[in-house]
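Asker: Each chain, letter by letter, is given below.
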Amino acid sequence: MKRSHAGWIFVAPALAAIAVFFVVPVVGALAMSFTDFDIYALADLRNLRFVGFDNYVNLLQTPLFWQALLNTLYFVLVGVPLSIVASLGAALLLHSRLTRFKAFYRTALFAPVVTTLVAVAVVWRYLLHARYGLLNYALGAFGIAPIDWLGDPHWAMPAIILLSVWKNFGYNMIILLAALQAVPTELYEAARIDGANAWRQLRDVTLPALAPVLLMVSILTMAGHFQLFAEPYVMTQGGPAQRTITVLYLMYEEGFKWWSLGSASSVAFILFVLMFAVTLLQLRLARDTEAA
Amino acid sequence: MRVRVRAFHPFPDPQRRTLLRAAACAVPALTASCSRGRDATVRLWAMGREGEVAGELLQEFERSSGIHVRVEQLPWSAAHEKLLTAFAGDTTPDLCQLGNTWLPELVALGALEMLGARVRASRVVDAHDYFSGIWETNTVEGDLYGVPWYIDTRLLFYRRDLLARAGFQAPPPNWGEWLQMLAAVKQSVGPDRYAILLPLNEFEPLLALALQQDEPLLRDGGRWGNFRSDGFRRALRFYLSMFERGFAPPATNNEIANVWNEFGRGYFSFYISGPWNIGEFKRRLPPELQDAWMTAPLPGPHGPGASIAGGSSLVVFRRSRNKDAAWRVVEYLGQPAAQRRLHALTGNLPPRRSTWNDPALAGDIHARAFFDQLERVRPAPQVPEWERIANEMRLVVERVVDGELAADRAPAELDARADRILEKRRWMLDRAQERMKTG
Numbered sequence: 159m160k161r162s163h164a165g166w167i168f169v170a171p172a173l174a175a176i177a178v179f180f181v182v183p184v185v186g187a188l189a190m191s192f193t194d195f196d197i198y199a200l201a202d203l204r205n206l207r208f209v210g211f212d213n214y215v216n217l218l219q220t221p222l223f224w225q226a227l228l229n230t231l232y233f234v235l236v237g238v239p240l241s242i243v244a245s246l247g248a249a250l251l252l253h254s255r256l257t258r259f260k261a262f263y264r265t266a267l268f269a270p271v272v273t274t275l276v277a278v279a280v281v282w283r284y285l286l287h288a289r290y291g292l293l294n295y296a297l298g299a300f301g302i303a304p305i306d307w308l309g310d311p312h313w314a315m316p317a318i319i320l321l322s323v324w325k326n327f328g329y330n331m332i333i334l335l336a337a338l339q340a341v342p343t344e345l346y347e348a349a350r351i352d353g354a355n356a357w358r359q360l361r362d363v364t365l366p367a368l369a370p371v372l373l374m375v376s377i378l379t380m381a382g383h384f385q386l387f388a389e390p391y392v393m394t395q396g397g398p399a400q401r402t403i404t405v406l407y408l409m410y411e412e413g414f415k416w417w418s419l420g421s422a423s424s425v426a427f428i429l430f431v432l433m434f435a436v437t438l439l440q441l442r443l444a445r446d447t448e449a450a
Numbered sequence: 047m048r049v050r051v052r053a054f055h056p057f058p059d060p061q062r063r064t065l066l067r068a069a070a071c072a073v074p075a076l077t078a079s080c081s082r083g084r085d086a087t088v089r090l091w092a093m094g095r096e097g098e099v100a101g102e103l104l105q106e107f108e109r110s111s112g113i114h115v116r117v118e119q120l121p122w123s124a125a126h127e128k129l130l131t132a133f134a135g136d137t138t139p140d141l142c143q144l145g146n147t148w149l150p151e152l153v154a155l156g157a158l159e160m161l162g163a164r165v166r167a168s169r170v171v172d173a174h175d176y177f178s179g180i181w182e183t184n185t186v187e188g189d190l191y192g193v194p195w196y197i198d199t200r201l202l203f204y205r206r207d208l209l210a211r212a213g214f215q216a217p218p219p220n221w222g223e224w225l226q227m228l229a230a231v232k233q234s235v236g237p238d239r240y241a242i243l244l245p246l247n248e249f250e251p252l253l254a255l256a257l258q259q260d261e262p263l264l265r266d267g268g269r270w271g272n273f274r275s276d277g278f279r280r281a282l283r284f285y286l287s288m289f290e291r292g293f294a295p296p297a298t299n300n301e302i303a304n305v306w307n308e309f310g311r312g313y314f315s316f317y318i319s320g321p322w323n324i325g326e327f328k329r330r331l332p333p334e335l336q337d338a339w340m341t342a343p344l345p346g347p348h349g350p351g352a353s354i355a356g357g358s359s360l361v362v363f364r365r366s367r368n369k370d371a372a373w374r375v376v377e378y379l380g381q382p383a384a385q386r387r388l389h390a391l392t393g394n395l396p397p398r399r400s401t402w403n404d405p406a407l408a409g410d411i412h413a414r415a416f417f418d419q420l421e422r423v424r425p426a427p428q429v430p431e432w433e434r435i436a437n438e439m440r441l442v443v444e445r446v447v448d449g450e451l452a453a454d455r456a457p458a459e460l461d462a463r464a465d466r467i468l469e470k471r472r473w474m475l476d477r478a479q480e481r482m483k484t485g
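Note that the protein sequences, when read in sequence, are chains Y and X.
301 is the number that the numbering used here gives to position 143 of the first sequence; each next residue is one higher, with no gaps.
203 is the number that the numbering used here gives to position 157 of the second sequence; each next residue is one higher, with no gaps.
Think of the hints as simulated: they come from the structure by calculation, not from any bench.
A portion of the hints provided could be inaccurate.
To be verified - Here are the computed lysine-lysine pairs in the DSS-like style, where the Cα-Cα straight-line distance is at most 27 Å: (1) X:Lys328 - Y:Lys415; (2) X:Lys369 - X:Lys128; (3) Y:Lys260 - Y:Lys325; (4) Y:Lys415 - X:Lys128.
Using the sequences and the hints, build the whole thing.
Answerer: What follows is the structure in structure tokens.
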């Protein structure tokens, strides 16, 4: 038996699993996105119509889709940088030699990541309540009028971003903390001997050393943020005035609420293409900066 | 997430059950019951609170009939998905509790057994004893697919004390007087409180007002939207005027957080809601407020008005292999005695007039308005797409209330959305007609 054959045999189980649980469903979904599969088709396949690109065209003509895309981009563009800055800030604080009770803070800051979102949402609904919420109470101390966080179309997304950043920054914080601990202390010593202050050390030693990890973190965070679903699902059900409907939420509603699986599949593929393009762009940018 | 609850049954030891049944089969006279006995486990899907009490309700039935009922509970929020997935995966139960707005959808799937012949042969289920509006929701194109289990409709909950303070002793009989009362209440409670709560995340209040009109909400056999009709425009104008004049807060239930507390605090004096809130208000309002609230039938444009025919029915699935046993469960639960038990356990209101003679119901002053209202309930359009259309109605109206869409453009927008949703239905109906002509 040739060596290459043996290799194929070893990976065959994994490949089979990938084919059955990934390739087949994806190809099936792609095929479905060119049909008008719905409850009538579920009853009798003769009710299925091949519609070509109609689902895609219809979607691009639906205001709700653009609203969802806009909401998602809003969430990604504001949420991702905010989340990474929060993670980095927390990681730097935890890494600092001046910080005491490190283990305690590390656990406390990581805790939101592992708590159930549904339980957290109940507490946050009270924190954000327009009349009885702690947040508005605190803002009131600065003379700011109460904000209807979850009811006002303009404030619902910021509220979701706030919750999401709080819920998720701990995860990236741990990754960045590990990366920080791997930066050789000699570099800081050399920088200090050269007279660099704390800010210069951060800019010229820490950040370049973290760059590969930051790139990975930003790709992962972005991919996660494009798939926002659970937070609006438990906090606002897409409202008010559909300002927190995201692309994934739209797909869920189309597919599982209204059972328009054809149209839901086309949403999924548009999201896939979008995320793929943005990831490629990120990689390209990273390579260019590295080369420069 | 589904929690399976094995209902209690009188023979804890399954082996002994089998032995008993084998012994019974040995007697020739009992062969009839044996053919049933062979397969006598009925799977029943029930939702929410009804799922919790179904096992208890059926204890006596299981003992006397020898039919074992396996109750499987579904949370309401996941029930619709579960039903469709079960149909796709060929794992539907024998029997199911079904919200009557979902019935047309499952009929379109061909998932449900027609029950007309069984009802005609039944000595227990008497169609004429049921409120007719509720019974109608179980018929699609002339065929019966479900038997009402309990009913749900929307009417007025109101604060008697706040209404009296504004100068009124009785609830409103028609729209005109209702508006006067709303204005007077709003004036007496001041700028921080409201006269009525119409949550923007619920389509039911507007739907109830729209069902009071003569024009149907869909036209040509459910082919097209009919929201540009005069009737719907009238209902919409009335509904929106309550926001424009500041009687209702432009809020969803999410923002109200706790409707019962706010009702108790007098944040609003009128609330359009359903029978489950009788129990909730009794339990959640403080004792000193228990005399201060009451229910009343929904006012119509010129007198007592119609409201939504809602509720849950019991349906038998076409793919069930235990249809006879399943039907016996339906008959058992349809008896007035079983309906009284259901009311005692859950507060659900019974769909049969004769059940209402029971002193527990006849003496319940808060339930009385429902009895009155039930004689005037109308079903929403019975097409599978209705729920989606109703949802669009809610979204469009929310945009109007938020000032993003002009009120007079809403009916056309609604028709456009409804027509788009109904496209497939039109194609199917046309194709069926074509076939009738050619074949």
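Asker: Work down the list of hints and note, for each, if the structure agrees.
Answerer: We went through each hint and held it up to the structure:
1. X:Lys328 - Y:Lys415: Distance of about 34 Å is beyond 27 Å: violated.
2. X:Lys369 - X:Lys128: Given that 27 Å is the threshold and the Cα spacing comes to 21 Å, the pair holds.
3. Y:Lys260 - Y:Lys325: Within the cut-off at roughly 20 Å; holds.
4. Y:Lys415 - X:Lys128: holds (11 Å)
When each numbered hint is compared with the structure, a violation occurs for hint 1 only.
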